[in-house]
Every structure is written in structure tokens, then in C-alpha cells.
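> Below, each chain spelled out in residue letters.
Number of protein chains: 2
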Amino acid sequence: MSVVAISGGVGGAKLALGLDRSLPAGELTVLVNTGDDFDHLGLKICPDIDTVLYTLADLADPAQGWGRRNETWTLMQTLESLGEETWFKLGDADTALHVARTRRLKAGSTLTEVSEHFRTQFGITSRILPMTNECVQTRIDTDEGDLAFQDYFVRRRCAPRAHTIRFVGATDAAPAPGVIAALASPGLEAIVLCPSNPYLSIDPLLAIPGLRKSLESRAAPLIAVSPLIGGAAVKGPTAKIMQELGIPMTPVSIFEHYRGLIDALVVDSVDADAAARLPIPTFSTATLMTTLDDRLRLARFVLDCARTLPRH
Amino acid sequence: MSVVAISGGVGGAKLALGLDRSLPAGELTVLVNTGDDFDHLGLKICPDIDTVLYTLADLADPAQGWGRRNETWTLMQTLESLGEETWFKLGDADTALHVARTRRLKAGSTLTEVSEHFRTQFGITSRILPMTNECVQTRIDTDEGDLAFQDYFVRRRCAPRAHTIRFVGATDAAPAPGVIAALASPGLEAIVLCPSNPYLSIDPLLAIPGLRKSLESRAAPLIAVSPLIGGAAVKGPTAKIMQELGIPMTPVSIFEHYRGLIDALVVDSVDADAAARLPIPTFSTATLMTTLDDRLRLARFVLDCARTLPRH
Numbered sequence: 011m012s013v014v015a016i017s018g019g020v021g022g023a024k025l026a027l028g029l030d031r032s033l034p035a036g037e038l039t040v041l042v043n044t045g046d047d048f049d050h051l052g053l054k055i056c057p058d059i060d061t062v063l064y065t066l067a068d069l070a071d072p073a074q075g076w077g078r079r080n081e082t083w084t085l086m087q088t089l090e091s092l093g094e095e096t097w098f099k100l101g102d103a104d105t106a107l108h109v110a111r112t113r114r115l116k117a118g119s120t121l122t123e124v125s126e127h128f129r130t131q132f133g134i135t136s137r138i139l140p141m142t143n144e145c146v147q148t149r150i151d152t153d154e155g156d157l158a159f160q161d162y163f164v165r166r167r168c169a170p171r172a173h174t175i176r177f178v179g180a181t182d183a184a185p186a187p188g189v190i191a192a193l194a195s196p197g198l199e200a201i202v203l204c205p206s207n208p209y210l211s212i213d214p215l216l217a218i219p220g221l222r223k224s225l226e227s228r229a230a231p232l233i234a235v236s237p238l239i240g241g242a243a244v245k246g247p248t249a250k251i252m253q254e255l256g257i258p259m260t261p262v263s264i265f266e267h268y269r270g271l272i273d274a275l276v277v278d279s280v281d282a283d284a285a286a287r288l289p290i291p292t293f294s295t296a297t298l299m300t301t302l303d304d305r306l307r308l309a310r311f312v313l314d315c316a317r318t319l320p321r322h
Numbered sequence: 011m012s013v014v015a016i017s018g019g020v021g022g023a024k025l026a027l028g029l030d031r032s033l034p035a036g037e038l039t040v041l042v043n044t045g046d047d048f049d050h051l052g053l054k055i056c057p058d059i060d061t062v063l064y065t066l067a068d069l070a071d072p073a074q075g076w077g078r079r080n081e082t083w084t085l086m087q088t089l090e091s092l093g094e095e096t097w098f099k100l101g102d103a104d105t106a107l108h109v110a111r112t113r114r115l116k117a118g119s120t121l122t123e124v125s126e127h128f129r130t131q132f133g134i135t136s137r138i139l140p141m142t143n144e145c146v147q148t149r150i151d152t153d154e155g156d157l158a159f160q161d162y163f164v165r166r167r168c169a170p171r172a173h174t175i176r177f178v179g180a181t182d183a184a185p186a187p188g189v190i191a192a193l194a195s196p197g198l199e200a201i202v203l204c205p206s207n208p209y210l211s212i213d214p215l216l217a218i219p220g221l222r223k224s225l226e227s228r229a230a231p232l233i234a235v236s237p238l239i240g241g242a243a244v245k246g247p248t249a250k251i252m253q254e255l256g257i258p259m260t261p262v263s264i265f266e267h268y269r270g271l272i273d274a275l276v277v278d279s280v281d282a283d284a285a286a287r288l289p290i291p292t293f294s295t296a297t298l299m300t301t302l303d304d305r306l307r308l309a310r311f312v313l314d315c316a317r318t319l320p321r322h
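Chain order of the listed sequences is D and P.
Be aware that the first sequence starts at 11, since it is given in our numbering, and climbs by one per residue.
Be aware that the second sequence starts at 11, since it is given in our numbering, and climbs by one per residue.
Just so you know, the hints here were simulated from the structure itself, not pulled from any lab data.
Please read these numbers as outputs of a predicted model, since none were measured by experiment.
Cβ coordinates follow ideal geometry from the N, Cα and C atoms, glycine included.
Treat the hints loosely; a few may be bogus.
[Claimed, not checked] Once the Cα atoms are required to be at most 25 Å apart in a straight line, the calculated BS3-like pairs of lysine-lysine come out as: (1) Lys250(P) <-> Lys116(D); (2) Lys54(P) <-> Lys54(D); (3) Lys99(D) <-> Lys54(P); (4) Lys245(P) <-> Lys99(D); (5) Lys54(P) <-> Lys116(P); (6) Lys116(P) <-> Lys54(D).
[What the hints assert, rightly or not] Residues from chain D that face chain P, not an exhaustive set, calculated with beta carbons under 10 Å: (7) Thr84; (8) Arg113; (9) Met259.
Bound-form chain D, shown alone (with noise of 0.2 Å):
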């Protein structure tokens, strides 16, 4: 049974990782937003596919959901005595990655090509693909001005109102290598939508025209992982982003988001109720995941709802 994951950062990558652990090895694909990426420092820095392989490859930091663990920060702490900018947290080991990243991209190499060297390096069965090898830039229109994803995120700690959101270059850009033959693999048994932020980070690979194209002529059951549990957001700036956008923290709004595309959705039990009037099959159980047999439990029981599912 092969399956396509669609994740983002730290939610996304915890389901991934529940995914990656329940599934034979290498029957796994998780494709990534690369909205978030950006320069910084002279490095090529790639948020979220950096927390999706240290997440699959059981090195991420279970505290701060980003970064490594056992990480050592001389590195920035020299940066900082030499007058650079510490906002964006480089942990030394982390920034061996971003060097490697950085020199192999500057010798010719594709985002796809450098993320599968990483993965094999870290001994991930699971392909990584990034959703494109072309530049998408995730801008946030807020009340302090047009920010870059990190800057509105990092930076200023989603502390500006946002207004609206924008993936600059998405129009123009083509899926990387691998992205549409994994959508449209006759083994393809489900892909997943990951529990990531809908707006900020699965909207920008939905924002490609030939990746939602594909998605959208599928023949596997596509099923999506709410984000919100009773009305909050697990992490990170959903809520509040949901909030100024003026969309209610209810299951349904994450339906009318991905209405028409997805075939089922997910929800945390306490929002059961509330999906229960959905025009799509809805599945509730506990969404939280805190411990690997959350993720494990919570991606079987995506895996057994989708198996419910009709084909194309």
C-alpha cells in the first residue's frame, strides 16, 4: 500500500512520522511546503522539509518541535558576539545541514536531488520530495506591511495582524520531479492530507496549478487531518491567523477550505458533533499527538478510514 502525505512543518511531520513507522518501508512519499524557505545568512535554509527529515530520521528536538535534539549552539552564540542577526535559531548541527544544503544547490543540484541525499543519509526509507524546485515565496499581508514567511513567523512571532496571504511565483511554477508520478501511481492507495496549518502551510503546494491539478484528477481517496481540536489549534499561529482572517475555528471551515478536493476528513472527537453534518464522510478520534503512539495509533486510523474509501 503505497501513500502520499502532504505535510507542512511540525504537525504535518508528526504525522508523518506515525505514517512512515505504520507503513512498509519506502511505501511512503511526504510532499513539502517550501513556501517557508528562505536565505539567510548566505544559507538555503528549508524550514519545513528540514523538520520532516529530522522528525522521520528521529533526530528532532520533541521540546520545541523545530531543530534537533542534543543540539549545540556555538555557532550562534559566536554569530551573536559578532553583531549578526539571532533571530532565526542555527543550531551547529542544524547548520551543517543548511552548509551541505547550500553547496550542493550552488554545485548544480536540485532541492529534490539535495532532499534525497539527506534522507538517504539519515537512513529514512520514505521519499521527501519538495513540492517544487522553483521559487515560492509564502508573503503575509499584515497590518505592519508585506512580510516574508519567516519574518511575519520567526522574526516578529506572528505578532502583526494578517490580512492575507499570498504564494508568490506558485502560479509559474512546476511540481518538482517526482511530485505528479507519485499523485498518479496506480499503486497510490491514499494520500493524506497532514494536519499542518491549512492556510499557511498546505495552501501553498495546493497553490500550484499542475499539483492541484493532479490532486484534483486523482484516483486514490484523498482524506484530510483537521488542525483544530474543540476549537483551538494544537500549535503555532492557526488560531490566531484563522481569527483575523474572520474564518471560525470549526471543523467546517477546514471542509469549506478544501471543499471539492478532498473525498473525507478527520476530526478530534470533542468535534465530532460538529462535523457531523458535513456532506463528506467524517471520522472522529483523539487528534493530539504527544506521544510516537499517538502518531502511530492516529495515522493507522487515517489509513483504516481511507481504506473505507471509493477510488475514482
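Assemble chain P onto chain D, guided by the hints.
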């Protein structure tokens, strides 16, 4: 009393430290070899400037002679696990300097400006000037082919037999801002050629026509310190290079190399007899610099000798 020191890496930096600590704050200017500079993993690395910075900031690793003490190696270990080259050792704190330098150069600063920023951040009162802001590359023609300096020196550990040494770009390079002014300063009391490798570390500076001309037209006395002690070199490839180039390991060879340029030569006490017949003033003392006291004592000795020499 203002003084200019001309230095390569380790050996030169030791005497530069002695001079820095012996002179009133701000009276020393160190002109540093940049022929060893190279780009590695996308980072601009200036080994001799780094060694002088770390040494004068009291951050240098006294055991290995390069890099910083209390260094951590997380980034290097991770680079190795990612399949990157590891022949050039990059400590975590050291890498921060390279990252900051690379960023500042790309942002339009000159190497002079970046070095000035670093020495200020490190609390160094002496000025540290690169010999040039243009590209000069030390290359060694060996029996294994033409090698860039770091390929020869670090990657191949000076194993190939050297035939000739070239400083590509030197003829067309201009001295960096401040270099000519420092050498022509009316208040300059002495110019010191530090006991760095004459062929690999000092010659790149002398190969820049404007710099050499400025030395030749100096008013202040120019005194060199021999890097040899009793037919041996303290560290590095000096002995091997001299042997391969067919140059006898005596202070006479150092004099011949600098003939017409230097006013006096400081040699080790064991070489006093060999230097006695030279047609310029020679001074002998213990030149091995193991402790900080050694560096201070030699620096004061060199300054005292210089004070006995006439101005031009």
C-alpha cells in the same frame, strides 16, 4: 611608537601577540597574508587573518596552532555524516566567523572592513589589515601537479614535493586600504617581518608591487626575525620546502631571501655564529616562543633592536 608587523599564520601571530601586548594600545598594525584564503563549502575562509584575530583576542587554541580553544565540533561531525568533505577542520565557533565574513562580503563589505569589524568585536586594539582586497592565490607546483595552498598544506599535509611557488594575481593586486599609509606613516618606528614562512607566508605580501615598493621606500627600519632555529624550523613546512627548493637551512638563506629589503636580522642564539658574517646588523636571542612570556620577551627584544637602527 607605532609599529607595523608583517605576518602569516601561527609563527607570525605569536610575535604579533607579543608586539600587541608590548606596545601602547592602537600602536600596532599587522599586515596579514591572504594568499592562503579560499572558498570552502561556500564559506570564505582566511586562515592567516583568523589565526591573527584569534591569537590577539586570546581565543586561539595553543595546542594545535589554528582555530579556537574550547571549540565544539558538532557541525563538522554532522557535515561528515552528510557526506561532505572534512579535510579542513571547521569548529562551530570558527564557522560562525566564516559565515559572518561570507555574508558581509556578499553584502558588499571589503575584506578590510570585515576584518576591522571582527577585531573590534573581539576587543583587539591593534589594527589587522589584509595585504590586499583582491584575489591573490598562493599555488604550489609539485610533483603531483599544481596545487592551491590549502590543497597542498591541509588536504595533502605538505606531502607532495614542491618545485615552485606562485602567487597568482599578485602582480596586478593593489595593497588594501591602509597598508601604504601604515608603512608611510611619519610616526612609524619599525617594520617587523615576523618569523612566518618566508616562501609561503611572507612572499605573497612582497609579491604585490605596491606593497613591496612601499617597503623599499620606507623611512622606518625593517627588521626580520628568522623562522629557523639551529637548522630546523619551529613548525610547519618551512624546513621541507627549503630542502625541496635546495635552500640551505641557515640564517644566511633567510638574509639572502630578504637581501636588499631588510635592515637587520634577528636570529636564534644557536645561529648567532652563522649570522655573524652577514653584511647587515644581526641580533641573537632565544626565538622559540612557547609561552606568552616568550612572545613578550622576543617582541621587546625586536623593538629594542629596531631602536638601534637608523632611519632611511
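> The structure should be examined with respect to each hint, and the outcome stated for every one.
Comparing the hints with the structure gives:
| no. | hint | in the structure |
| --- | --- | --- |
| 1 | Lys250(P) <-> Lys116(D) | violated (37 Å) |
| 2 | Lys54(P) <-> Lys54(D) | holds (16 Å) |
| 3 | Lys99(D) <-> Lys54(P) | holds (22 Å) |
| 4 | Lys245(P) <-> Lys99(D) | violated (39 Å) |
| 5 | Lys54(P) <-> Lys116(P) | holds (10 Å) |
| 6 | Lys116(P) <-> Lys54(D) | holds (14 Å) |
| 7 | Thr84 | holds (4 Å) |
| 8 | Arg113 | holds (5 Å) |
| 9 | Met259 | violated (40 Å) |
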